[in-house]
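Peer 1: The residues making up each chain are set out below.
There are 4 protein chains.
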Amino acid sequence: MKLWEKGTKLDKEIEKFTIGNDYLADQELVEYDCIASIAHAKMLFKIGILKKSEVKKLEKELNAIIALNKKGKFALKQEDEDAHTKIENHLTLKLGALGEKIHTARSRNDQVLAALRLYSRDKLLDLRKKTALLIDALKKLAARNKNVKMPGYTHMRKAMPSSVSLWSGAFAESFGNTIKMLEFVSDFINQSPMGTAAGYGAPLEIDRKFTASLLKFGKIIENPLYAQNSRGKIESLILFAMSYITMDINKLATDLLLFSTEEFGYVKLPDKLVTGSSIMPHKKNPDALELLRAKSAVVDSYLFQIIGIAKSLPSGYNRDLQLTKEPLINGFKTTEECITVMILVISKISFDRERCEKAMTKELYATEEVYKLVKKGVPFREAYRIIGKKFVD
Amino acid sequence: MKLWEKGTKLDKEIEKFTIGNDYLADQELVEYDCIASIAHAKMLFKIGILKKSEVKKLEKELNAIIALNKKGKFALKQEDEDAHTKIENHLTLKLGALGEKIHTARSRNDQVLAALRLYSRDKLLDLRKKTALLIDALKKLAARNKNVKMPGYTHMRKAMPSSVSLWSGAFAESFGNTIKMLEFVSDFINQSPMGTAAGYGAPLEIDRKFTASLLKFGKIIENPLYAQNSRGKIESLILFAMSYITMDINKLATDLLLFSTEEFGYVKLPDKLVTGSSIMPHKKNPDALELLRAKSAVVDSYLFQIIGIAKSLPSGYNRDLQLTKEPLINGFKTTEECITVMILVISKISFDRERCEKAMTKELYATEEVYKLVKKGVPFREAYRIIGKKFVD
Amino acid sequence: MKLWEKGTKLDKEIEKFTIGNDYLADQELVEYDCIASIAHAKMLFKIGILKKSEVKKLEKELNAIIALNKKGKFALKQEDEDAHTKIENHLTLKLGALGEKIHTARSRNDQVLAALRLYSRDKLLDLRKKTALLIDALKKLAARNKNVKMPGYTHMRKAMPSSVSLWSGAFAESFGNTIKMLEFVSDFINQSPMGTAAGYGAPLEIDRKFTASLLKFGKIIENPLYAQNSRGKIESLILFAMSYITMDINKLATDLLLFSTEEFGYVKLPDKLVTGSSIMPHKKNPDALELLRAKSAVVDSYLFQIIGIAKSLPSGYNRDLQLTKEPLINGFKTTEECITVMILVISKISFDRERCEKAMTKELYATEEVYKLVKKGVPFREAYRIIGKKFVD
Amino acid sequence: MKLWEKGTKLDKEIEKFTIGNDYLADQELVEYDCIASIAHAKMLFKIGILKKSEVKKLEKELNAIIALNKKGKFALKQEDEDAHTKIENHLTLKLGALGEKIHTARSRNDQVLAALRLYSRDKLLDLRKKTALLIDALKKLAARNKNVKMPGYTHMRKAMPSSVSLWSGAFAESFGNTIKMLEFVSDFINQSPMGTAAGYGAPLEIDRKFTASLLKFGKIIENPLYAQNSRGKIESLILFAMSYITMDINKLATDLLLFSTEEFGYVKLPDKLVTGSSIMPHKKNPDALELLRAKSAVVDSYLFQIIGIAKSLPSGYNRDLQLTKEPLINGFKTTEECITVMILVISKISFDRERCEKAMTKELYATEEVYKLVKKGVPFREAYRIIGKKFVD
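Residue numbers (numbering that gives the first Met the number 0), protein chains in the order written: chain G, 0 to 392; chain V, 0 to 392; chain Y, 0 to 392; chain U, 0 to 392.
Hints may contain errors.
Straight-line distance between alpha carbons at most 20 Å, and here's what the computed DMTMM-like set of lysine to aspartate or glutamate pairs gives [to be verified]:
{"hint": "1", "chain 1": "U", "residue 1": "347", "chain 2": "U", "residue 2": "335"}
{"hint": "2", "chain 1": "Y", "residue 1": "347", "chain 2": "U", "residue 2": "336"}
{"hint": "3", "chain 1": "Y", "residue 1": "332", "chain 2": "U", "residue 2": "12"}
{"hint": "4", "chain 1": "Y", "residue 1": "50", "chain 2": "V", "residue 2": "125"}
{"hint": "5", "chain 1": "G", "residue 1": "139", "chain 2": "U", "residue 2": "221"}
{"hint": "6", "chain 1": "G", "residue 1": "11", "chain 2": "V", "residue 2": "270"}
{"hint": "7", "chain 1": "G", "residue 1": "375", "chain 2": "U", "residue 2": "204"}
{"hint": "8", "chain 1": "Y", "residue 1": "15", "chain 2": "Y", "residue 2": "325"}
{"hint": "9", "chain 1": "U", "residue 1": "371", "chain 2": "G", "residue 2": "206"}
Keep in mind the hints are simulated off the structure, nothing from the lab.
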């Protein structure tokens, strides 16, 4: 039974439409809803709503759900509506009237908000760890190719001398900064919505700070309406951070696709990384790199989707916001997968030292020649013009 | 076995990443790939590559696949890679060497292009039919509420007299035009890519016009590279048309959400269309309308995703384009569902004649008063100023 | 004075904010508003509101404004608010009470709608002409490079033999189809909003079909509220068509940037098309091509902007829609400029026949070898495997 | 003369196209380029390239340019190409060969990067200050309306009791968090690119940390290629923060547009904030609020534009990135203006206490009734069902 059902039956088609894929997204949230519910029960005990023995029973049963879920034995179905309903129904089945008490001083609204923030905090930590591994892979690539020079480009034209480690180091430093961004995002969202109920609080004296501290939230969201209004917004911030990561992965892939063309020839992709063609027997196609390039647009589209959904909604919860769950969860999955695959690619590719060196043609040193004159006292712009004449066809 | 495999094994993680959800999207294309393959086989007979008996066997087996697929018994798995591979493997299993001949004079590239165009042509026809049903529903709503006047708004402020049929008719006329757009899109994409192979043709004299006519394509794409370069582009056109439809659905939902507030009170939503709250026992929430409003942003994000994926790719097939399948197919599903649910909503809602009439306050008639003066010969702007004075607080 | 002023003064900051850049965008619409006003005046005569002599005076003065505007002597300033206000004020200044009559049976709302549709119809025709010139340039490029073979690519890897004319022809065919899309868009928007006033008609018997025929509109918009609701939507359609054009320009530029690298070397950019670096005296940078590649994202952002602005607005005019003017007009300017510059680029570049031929290495012919076996009766997939073995490292 | 000119003339049309509106955007950067150039000159002295007297002359002349620019007397024209060229040319005109020395150990690339970061740091500080003022205005609004209750909504339906200060406080808390985000963004971008030249350093021993400390950068960007690759990315981060601000402004405007309808009637907009209609003499239109609602989509489109432009570019500077300047600068202008106008609106509006109170109907207290039962020991879900029955029609 749905938490809100009171007799009249919802049209079947409407029911299917309103639930949509929500139950699939909610599978990710089961664990976090249980964790938050345990903290909520402990707080209800602290303020005298539940007895100690009741909290123990609830805690045991909620931990049992977490365990079931990890084994894939708490699968949501469309008729369950969402994780919160299924969990409350499960508790009521197991614990009778006690299950009917757990919803005291909360609403599905703040449950969703809490579960999403706890889930995201965990996933952001995973992203930071993965990103650190990618930095390692880039540093190892540089170490494997110490002293390998290659041309540096601007405007896709040879510009000045560069090297594998300069190229690789650019991404390593960038990802290092991105980790700081992920930390900021994590802190930013780490505020407790527990107890804000449907955006207007609950008419009971509760101890929101206690619940927050149990869940290791940095602070509580003071204004209950703000808790609701933050929906969609924090998701957009998280997605932006993921867009930021995949922008770099897009650039890495773009570079590698170019460097591994026969024409450039700087990079070799091992056979384990390439696929073939159904018609051309000689082809070795860099599909993984192409998909890594493309996934950036996929992640961006999740960001746009969330922003678009949240646009022009009045204050307070609106059902539209339910749709932001899917792009959030898909965003995490896609970004994590992209980092994992990029780590693999970076670990397996090799640079062709010979081709790289051969490409170090003399125009790359034009600026150095200018500076030889500068060191002799020629003003920079004059030196530039003197050397420039050598390169007029 | 993959169509292109020649010994070396692809890294498992890379394999999983490159296949992704493609096999799920491809389920939609099985039927269309079979249809196109039958036409291709007939053409191969016409030019002397296959014997009549061979074509018969292939046609029979391909039709068997279509039948299996309709019963849900040709489900693609990740290890099948894609529909084309599974079908060719199935044919080879059933027909031996004959199955190995079907790929003559084609590539998976033009197979995908053909299947996508045939699939889209079908789905666009469905959308036209559904849209026509929505127009019907809107007309019936007007008929049910003949002579019900209601305020017309500009800037969300009462402007001039309107009516349920004026309001409803605005959407009916808009959807009527949209049907014309869908027809255009259908014609635009109805060009045969069959025989363009991997974008550079096949070194065989084939009869592309014959294949095209069997498949009822309006013409053939002349330039094989253009066939490849059209990938992502025609998908964006289709998605734009779906964005156009869902923009109207977004406006319909926005209006109905406003009109059905207690404060406006013009529209009543029957209980079958509303859901409840887990904390507030009195709530009747218009979730379906909110989701209809929000889905427009979802469809838009598919459009942006496709455009983003296709951006800055060089000519010829690039694997990035494979990712445009999912937003295309999801776009069709979402749009169809939105129209279906909107038809249901429009059929079930009622207008509150009393509340509508009560809202017909005198300022709505200010412009009529101006025109009474105009008819007596007062210049419009002067009449406007005379009546305007009545409304200064 | 503003058309709607009745005594109270608007806050200065609010006035500046609400007018924004609108007066700049409106400069483009002056001519079209005058043309529509002349038709409107003729209709007012037909239904007996204006005398013949009055229409003549109005027509003369409106033509005078068009002439002034062409000479740059009807420049809108921020205090003019918009084109419609300035024109009506100008007429009243010149013709007294007669100027105050022209607004009979219309609103600024339908004036804007009409001017925008007339303007867009004209600009779409310009785009069609320009696109046809670009097709010419592409065909001439093919003719200049008859018989120049070059590698065809898939996945950015050499695939099969191609040629300059195959490559160039792919774009020519694509732009040919795009011209058909532009024609459709032109027809789609060519419906008369004149007489729909503020979305609820005017309380006067007017002859909307007569006005429409004078302005060569294909038909009238029947439902006045639909006329208003179409705002933002037709702009999005137009922008989509421009996005479609610039997607191809993006691909053309992407190809040429790759082909003109030293490493590929197929294309030479003459000095007239390249710029230099402030620090590297040897550089010849393809800035124009890079900007042509990038402008596609600019045009797309106009499309997103329009869709975003129009999202979740209730029926009837909302001031938000005024902001769709700027991206529409900038879209036309950007797209026209891109086509113009691309024509110039295509006319000036040359292909390096020697480098192209040198690049025709043997793996490009692998598929041909497969087909030699196929012609001897070997099933395609078997022939593919035989030839494939030659290309295992 | 352009910094890179060496004889050949660029095609006029190409020149116009490549410069575009860049010279207009660059006006904003003149001051910051001068500031950075002074620091650069001091560093060149420190490492022995310039004499003390030379630095003094350069500093004096650069300060003179800043002063001229503040008076509007250093206006860039299209033929100036950009700020950096005009400044170097100006210095050379005034100081002869000394002007030709200032470009030593730098490139326009790192000049642009530095100027953009310094400019953005300043503008972000402005945004923080403005946002703080908006918080003040919201708090004053709450204070002016102490104890004014109003309905709280979910799903656009009355939910539970709320108040003006709860509503207003939700935005105040949100903007408070946004200020923290702006601080983060400011710190994130506050890294010195000075001395990274064109992305591959300069062949001179320079003291990058010294320059950075003079400009109060928090640290230097270590990897010169990363400095280049950060272009477009940091702009996207800044734009995201602005999107975050305008999302809240969009919601504030959406609420106020609803609350100020006659039907809701909670909010009164003074005449100074409303405009009229050209046809309906009674209208009082909330144009400013509508535009505030819409501008959010405009700012979002700048974000998408920047992300779109930067997508799929290989490492190192590409001219595409020049186009990110305009959306960045327009983003700052639009966001600042929105905050300013919203402060004005919030300061001028009033809540209608009577209408608010009248709207406090009994269903808003349904949840309180549930809790009365809960306090008596009835399990929550049971109490919910008991009270729920009262609200079945």
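Peer 1: Decide, hint by hint, whether the structure agrees.
Peer 2: Going down the list of hints, with the structure as the test:
1. U:347 / U:335: holds, 19 Å
2. Y:347 / U:336: Judged against 20 Å, a Cα distance of about 45 Å means the pair is violated.
3. Y:332 / U:12: holds, 14 Å
4. Y:50 / V:125: Not satisfied, since the Cα-Cα distance of roughly 53 Å exceeds 20 Å.
5. G:139 / U:221: Holds: residue 139 of chain G and residue 221 of chain U sit about 18 Å apart, inside 20 Å.
6. G:11 / V:270: With a Cα-Cα distance of about 12 Å, the restraint between residue 11 of chain G and residue 270 of chain V holds, given a limit of 20 Å.
7. G:375 / U:204: Roughly 15 Å separates the two Cα atoms, so the pair holds.
8. Y:15 / Y:325: Holds - the C-alpha atoms of residue 325 of chain Y and residue 15 of chain Y are around 16 Å apart, at most 20 Å.
9. U:371 / G:206: The hint holds at about 19 Å.
Hints 2, 4, counting from the list given before, are not met by this structure.
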